[in-house]
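There are 2 protein chains.
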Amino acid sequence: MARVVVDVMLKPEILDPQGQAVQRALPRLGFQGISDVRQGKRFELEVDGPVDDAALARIHELAETFLANTVIEDFVVKVEEPAVEAK
Amino acid sequence: MARVVVDVMLKPEILDPQGQAVQRALPRLGFQGISDVRQGKRFELEVDGPVDDAALARIHELAETFLANTVIEDFVVKVEEPAVEAK
Numbered sequence: 012m013a014r015v016v017v018d019v020m021l022k023p024e025i026l027d028p029q030g031q032a033v034q035r036a037l038p039r040l041g042f043q044g045i046s047d048v049r050q051g052k053r054f055e056l057e058v059d060g061p062v063d064d065a066a067l068a069r070i071h072e073l074a075e076t077f078l079a080n081t082v083i084e085d086f087v088v089k090v091e092e093p094a095v096e097a098k
Numbered sequence: 012m013a014r015v016v017v018d019v020m021l022k023p024e025i026l027d028p029q030g031q032a033v034q035r036a037l038p039r040l041g042f043q044g045i046s047d048v049r050q051g052k053r054f055e056l057e058v059d060g061p062v063d064d065a066a067l068a069r070i071h072e073l074a075e076t077f078l079a080n081t082v083i084e085d086f087v088v089k090v091e092e093p094a095v096e097a098k
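Top line first, the protein sequences correspond to chains F and L. Heads up, the first sequence is in our numbering, so the first residue is 12 and it goes up one at a time. Heads up, the second sequence is in our numbering, so the first residue is 12 and it goes up one at a time.
It is worth saying that the hints were derived from the structure and are not from the lab. Incorrect hints may appear among the rest.
When chains are identical, the list treats them as one kind, so a pair holds in a single copy or across two.
As the list claims (entries may be wrong) - With a cut-off of at most 27 angstroms between alpha-carbon atoms, the simulated DSS-like pairs for lysine-lysine come out as follows:
{"id": "1", "residue 1": "Lys-89", "residue 2": "Lys-22"}
{"id": "2", "residue 1": "Lys-22", "residue 2": "Lys-52"}
{"id": "3", "residue 1": "Lys-52", "residue 2": "Lys-89"}
Required output: the full structure, derived from the provided sequences and hints.
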């Protein structure tokens, strides 16, 4: 079992109203020094068996056709090492 | 300028209807071998100046009070190395 993460973010040229709303609120909450905030989606996929090139290609296809709207969004596929359980 | 990423995911014990909806649709779309899907939020913060311990502590506080609902969500704060522009 391995975990593959797909991060989906709006393309840089696309306005991000949610991110802007967060950014505008920061000074009011006392947080300075953050010049931009972008908000996107994170998918964690638990994959049966080894994550070989074929599996990654399939997940890339899945992200492209289903998880991201590639007209306005970019996505990144990453294999995450299984977190060592804290004893 | 550095980028700090805050990943916000529902706690494992909290039902994730969006993730389940994605997972149930996968076989219909021809994707097998994915046993679980969790969906969360990803925030990319552009931070002015160096990201030292004090800045990270502030961002951790920001995530705890504003970006995540810590009753039902966990969050992870990560400093992301500036991506080298592909030449």
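Status of each hint after checking the structure:
For the homomeric pair Lys-89 and Lys-22, the shortest alpha-carbon distances inside one copy (18 angstroms) and between copies (21 angstroms) are both at most 27 angstroms. For the homomeric pair Lys-22 and Lys-52, the shortest alpha-carbon distances inside one copy (13 angstroms) and between copies (16 angstroms) are both at most 27 angstroms. Taking the closest pair of Cα atoms, Lys-52 and Lys-89 come within 27 angstroms of each other both inside a single copy (14 angstroms) and across two copies (16 angstroms).
Consistency note: the structure conflicts with none of the earlier hints.
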